[in-house]
Each structure stands twice: as C-alpha cells, then as structure tokens.
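There are 4 protein chains.
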Amino acid sequence: MKATLFTCILGFWLLLAVPGFGQDTLSGQLPGDLTAVQAKTIISAAEQHAMQLGITVNIAIVDAGANLKGFFRMDGSYLGSIDVAIKKAKTARYFNAATGDLGKITQPGGDIYNIEHSNGGLITFPGGVPIKNADGVIIGAIGISGGSIEQDEQIAAAAAKSIL
Amino acid sequence: MKATLFTCILGFWLLLAVPGFGQDTLSGQLPGDLTAVQAKTIISAAEQHAMQLGITVNIAIVDAGANLKGFFRMDGSYLGSIDVAIKKAKTARYFNAATGDLGKITQPGGDIYNIEHSNGGLITFPGGVPIKNADGVIIGAIGISGGSIEQDEQIAAAAAKSIL
Amino acid sequence: MKATLFTCILGFWLLLAVPGFGQDTLSGQLPGDLTAVQAKTIISAAEQHAMQLGITVNIAIVDAGANLKGFFRMDGSYLGSIDVAIKKAKTARYFNAATGDLGKITQPGGDIYNIEHSNGGLITFPGGVPIKNADGVIIGAIGISGGSIEQDEQIAAAAAKSIL
Amino acid sequence: MKATLFTCILGFWLLLAVPGFGQDTLSGQLPGDLTAVQAKTIISAAEQHAMQLGITVNIAIVDAGANLKGFFRMDGSYLGSIDVAIKKAKTARYFNAATGDLGKITQPGGDIYNIEHSNGGLITFPGGVPIKNADGVIIGAIGISGGSIEQDEQIAAAAAKSIL
Numbered sequence: 001m002k003a004t005l006f007t008c009i010l011g012f013w014l015l016l017a018v019p020g021f022g023q024d025t026l027s028g029q030l031p032g033d034l035t036a037v038q039a040k041t042i043i044s045a046a047e048q049h050a051m052q053l054g055i056t057v058n059i060a061i062v063d064a065g066a067n068l069k070g071f072f073r074m075d076g077s078y079l080g081s082i083d084v085a086i087k088k089a090k091t092a093r094y095f096n097a098a099t100g101d102l103g104k105i106t107q108p109g110g111d112i113y114n115i116e117h118s119n120g121g122l123i124t125f126p127g128g129v130p131i132k133n134a135d136g137v138i139i140g141a142i143g144i145s146g147g148s149i150e151q152d153e154q155i156a157a158a159a160a161k162s163i164l
Numbered sequence: 001m002k003a004t005l006f007t008c009i010l011g012f013w014l015l016l017a018v019p020g021f022g023q024d025t026l027s028g029q030l031p032g033d034l035t036a037v038q039a040k041t042i043i044s045a046a047e048q049h050a051m052q053l054g055i056t057v058n059i060a061i062v063d064a065g066a067n068l069k070g071f072f073r074m075d076g077s078y079l080g081s082i083d084v085a086i087k088k089a090k091t092a093r094y095f096n097a098a099t100g101d102l103g104k105i106t107q108p109g110g111d112i113y114n115i116e117h118s119n120g121g122l123i124t125f126p127g128g129v130p131i132k133n134a135d136g137v138i139i140g141a142i143g144i145s146g147g148s149i150e151q152d153e154q155i156a157a158a159a160a161k162s163i164l
Numbered sequence: 001m002k003a004t005l006f007t008c009i010l011g012f013w014l015l016l017a018v019p020g021f022g023q024d025t026l027s028g029q030l031p032g033d034l035t036a037v038q039a040k041t042i043i044s045a046a047e048q049h050a051m052q053l054g055i056t057v058n059i060a061i062v063d064a065g066a067n068l069k070g071f072f073r074m075d076g077s078y079l080g081s082i083d084v085a086i087k088k089a090k091t092a093r094y095f096n097a098a099t100g101d102l103g104k105i106t107q108p109g110g111d112i113y114n115i116e117h118s119n120g121g122l123i124t125f126p127g128g129v130p131i132k133n134a135d136g137v138i139i140g141a142i143g144i145s146g147g148s149i150e151q152d153e154q155i156a157a158a159a160a161k162s163i164l
Numbered sequence: 001m002k003a004t005l006f007t008c009i010l011g012f013w014l015l016l017a018v019p020g021f022g023q024d025t026l027s028g029q030l031p032g033d034l035t036a037v038q039a040k041t042i043i044s045a046a047e048q049h050a051m052q053l054g055i056t057v058n059i060a061i062v063d064a065g066a067n068l069k070g071f072f073r074m075d076g077s078y079l080g081s082i083d084v085a086i087k088k089a090k091t092a093r094y095f096n097a098a099t100g101d102l103g104k105i106t107q108p109g110g111d112i113y114n115i116e117h118s119n120g121g122l123i124t125f126p127g128g129v130p131i132k133n134a135d136g137v138i139i140g141a142i143g144i145s146g147g148s149i150e151q152d153e154q155i156a157a158a159a160a161k162s163i164l
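Protein chains in written order, with this note's numbering: chain A, 1 to 164; chain B, 1 to 164; chain C, 1 to 164; chain D, 1 to 164.
This is chain A alone, in the form it adopts within the complex (with noise of 0.2 Å):
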C-alpha cells in the first residue's frame, strides 16, 4: 500500500519533470479498443497452441486502429515471418477479413487481383484473422506465420477466440 502510493506519487513528480513531452495516457487509447491484457492472453494462446502442434510461429497482433499490439517470435521460426506475422494482421484489420478469404478474390482474374501492392505491402494468405469483443466488433486482429497456410489460420482464428 505504501508502495503504491510512494509509485504514485513518484509516477506524478516525474510526469511534471517533463515539460513538453508528458504522458496523456488517458487520452492514449479509446474505450473498447484492444487492451494489453487481451494481447497477452491471444498471444499465449497461440504460442500453446503452436507447440501443441509442434510447430514454431511468429504471433503479431493489432488493435483496431491497425497499429501494432504485441509481437512473440518463437525460437527458431523464420526470420522472414516476422513481417508476414505483422501484414496479415494488419491485413486482418485493415479488411476486417481473415486473409485468407480475401486471397481467394486476389488471385489472377479475382476482384482485388494485386491489392497487395497497397498499405506498404499486403498478405493475403491464411493465417490473419481478426480479434471480436464478445458483443462482436472488431477490436484488432491477430496474424499467425511459421507453420503451413492450414496451421497458421487455425492458430490464428483459436487464439482470437481465447477472449471471449
């Protein structure tokens, strides 16, 4: 307890030393929005489930503004799926879309053939999935890369689930 109110009050004198670059925090993010918390929960869930599959992934996760939440990268799963993790889930987000759906209306011929070329590159292959509250809405979005297209959106679509 007195810690705590030492933390405090030690938390408000530093925030006063620091003129022009102060914390807002209240400001910082909007009510219903992706809380830290739930990213914590959705990346472990992932991260079992991964190795209960034997498999190593790297695990992004967005909030509902598409800006990154949480990033886990297990030993040994590719370097490369670093970025991928992080597109699908922005993809995810971006189309409130599991990638995969959208990959099938992106291939030659498809509706959106080649909007990969957008947002600073896109992926649209399994394995985003976007994060709903228990009311429904679209809160973030979760993107799964290390394993095949099948384990990538079935971790992914799982974990997003382990909010609810």
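Bear in mind the hints are in silico, worked out from the structure with no lab data behind them.
Any copy will do: because identical chains look the same in the list, a pair fits if it lies in one copy or spans two.
Simulated pairs of lysine to any residue, SDA-like, Cα-Cα distance not exceeding 20 Å:
{"id": "1", "residue 1": "Lys132", "residue 2": "Gly65"}
{"id": "2", "residue 1": "Lys161", "residue 2": "Gly28"}
{"id": "3", "residue 1": "Lys132", "residue 2": "Ala64"}
{"id": "4", "residue 1": "Lys161", "residue 2": "Gln48"}
Use these hints to put chains B, C and D onto chain A, whose structure you have.
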C-alpha cells in the same frame, strides 16, 4: 420515409450479393472515435480560417488510430504541403502533442533529436494539433500546411476546437 | 463588402510579413485544373451515392498533376481502403484510364503485367476513373474503395460526371 | 508424459505433411542467441519498471541478428513509439552500443552525423541498449519508448540485466 426504407432494403440486398467481401460497418469504427461529420466540421473551419488570413493551405485529419479520415487542398496551395499536412496530423496523434511542441526537443542536442526518421517520416514544426472531444480525450489530430508555421498552427488549433 | 476588403488587405499584409516562405497562389495552379469546388462536388456526389447503396467507402480525388486534392472516409469504412482509394485515383490519372480497364492487361501474360510495382504501388482493379471537364479534357481522377468492385466503379463513374 | 510423447509424434507427422515448406527448427536459431524465454523475462521486467515509474511504454526486443523477437505496447502508450522502440532496439544491436551514446556523435559536426538516414531509419537518442549474456556477449537489444529519454534509458538498461 419510403425512400429510406427502400434504400435500407436495397442496401441489405447488395450486402448479401457480395460474398467474401461484404461490409461490416458495425465493426469498422470504435464508439468515440472521430466521426465523418466532425472531420467535415473541422475541415470547413480550417478552410474558412485560411481564407480569412488570405492564404491557401492543405488540411489533413486523422482519427484516433492515426489513420487518414479527411483531406482537402485549397486551390493554389503547395503540392509539397500535401504530405507535410498529413505527416503533421499523424505526428500530433502519434505523440499526443502539438508538432510545434515536439519540435522544441527535436533540435540538435534535443531530447528526441532526429525522431523524424521514425514512422515513415515525421514533421515536428508547428501546424499539427491533437483533436480532443468535450471530455478532453484525444480522438484524432489535424495537420495544416501551406502558410507560415504561425498561421498553420493558429488554423489547426482553432479548427480542432470547432467541434466543441 | 467592408469585411472582404479588410480581409484582402490583411491577407496582403500577412503575405508581406512572411519573408522566405511567402505564398504565390497565382502560380500554384494551372488554369483549367480541377478546383476545390469541383472536388467537393464530386466527393459529395460519391458519398450520397454510397449511402443510397447502403455502403460506406473511402473517396479520393487527385488533380491533373495526379496530386491528392481531396479525401474522405465514411464512418466504418475499411482502414485498408484509404490507400487503395488514393492509389486508384492516382493510377487512373497516371494512365488516363479507368483502373478496371488497365486491370485487363495487367493479368499474367498481359501487356503490362505487374505494372503495379511502379509508382510506389498501383491499383488496377475497378474503382478509379478519370475526371473530365465539359470539353472532355482530363483534369483529374477519382478513386473509390470500400464496396464491391462493381459498386466502387459505379460510384466513381457517376461522381466524376457530377461536375458536368 | 504421454501427452508430450503424443505431441512429439503428432508434430513430427505434421512436419512431414507439409512438403515444400517444412520447418527446420533446429537450424532456425544459433546456439546462444536470445531465447523466447529471455525475451519474455526482459519484457516483463520492463513493463513492471514502467508501472513503478507510473508511465506507459512501448517495449521492443531484437535478437543477435537484429530481427524482432518480441514487442509489447502498454495501454495508452504513444502510437508513434511503436516504431521508435523497434528502431531503438535495432540501432543498439546494429552498432553494439546504447543509442544515447551514438547520439553524441550524430549531432551536427559529429563523426557519424545523420547516420539515421541508413538502415531504413535509425533512432540515436537514449532508450536502446544491447542485451548481454553472463559472459558479456551481446545477444540482442532492447528499445523503450514512451517516457522521457531518461526513463526510457533507465528501463532499458535495467530490463536488459534481468536475465543475468
């Protein structure tokens, strides 16, 4: 009334008719985030302010996720200010601060010297200002470019308050 | 009348007061180029069209120089469509053609296969359309993203004609 | 025990079932490189340190190859600090030095003035620190962004030592 009903029915039918890429408007935006109506009000206020000053500017608005919501370039305003205005808005939301305040500590020897190299390029001279709602919560930001830095800042600050 | 005169004088005085970074509004825009008034008319027409279809879209307008003139994202529309709409508008003006028409020859084996890799990223599926004046001269382009490609194309084509 | 055995067998079977994109976990990571367990320990230490200071930060960890290993953004911390934290970690490993030390020679007239333009953008103010093992070998780096530069540096330095 009839027209509205017809539109709703038509709209619903159209959604059903687009398998795989349907709209999920409900999930697209968190409650409390900057609305299109607010963006228009702010852009209008900025444009009128610029006209009163006898100058032409580029006006950029981002939402709480730092994603572009609205943009407008007045006739004859600098082409190079398109990107500057957008970067000012993003910078102001990225760090919940007026870009001019950031600029004071990005100078040589300053605390965050050369932070402009992050986030795909930042602008840290005046003209970017956070947009707050009536409760003081930051819900986006505005960036103005085209006038002097004093004019840009003045327009941005005044326009941001136009929704209160 | 008095206010206008005062504004003009004030404006002129301000211009003089900004050495080194003064405005040259007169040379900022070619005669005949897309005006701010036209951009607003087109954006309004596109927004109303989207509402009639019961969908939400991102609307981007570029001028004759393929530089962003106006942008608007309806509440809840895809975050990923911000860049797609802008790239559609740029692509349509870059090659003076509807993006859907370009897409027919960017397919595997097509004449300009993978041209999307140029110009910082192009979009060559439907939704980008050149904007012409009453004489048929191309003065800019519009890009719509957020609905199906048929809806995006329909909105873009109709909105482009709203200034005639 | 049985479950573990089953998982191993299942995992092996799955690996065989993915022709052309199988996992080679064994060669995915050099012996001695930063592990996932270490990354978690460091992130946890940094998060607790930030909470004790009463601030929220972005935490980024890279391995010996300067590739992202873990990332975590506390609720409400700056969106712009995502990239700054990652760039601080990369910069610290790129040059095996604390970013604050580099910053002393990147000032105007300094030995490596404007090196921030390389490597896709560097950050050379305090908050990035190499991570060493018990033998003093650098096995990665940590980047903190969100507090003052003194706070960021303090958190990074302490967290880096949490694995010793």
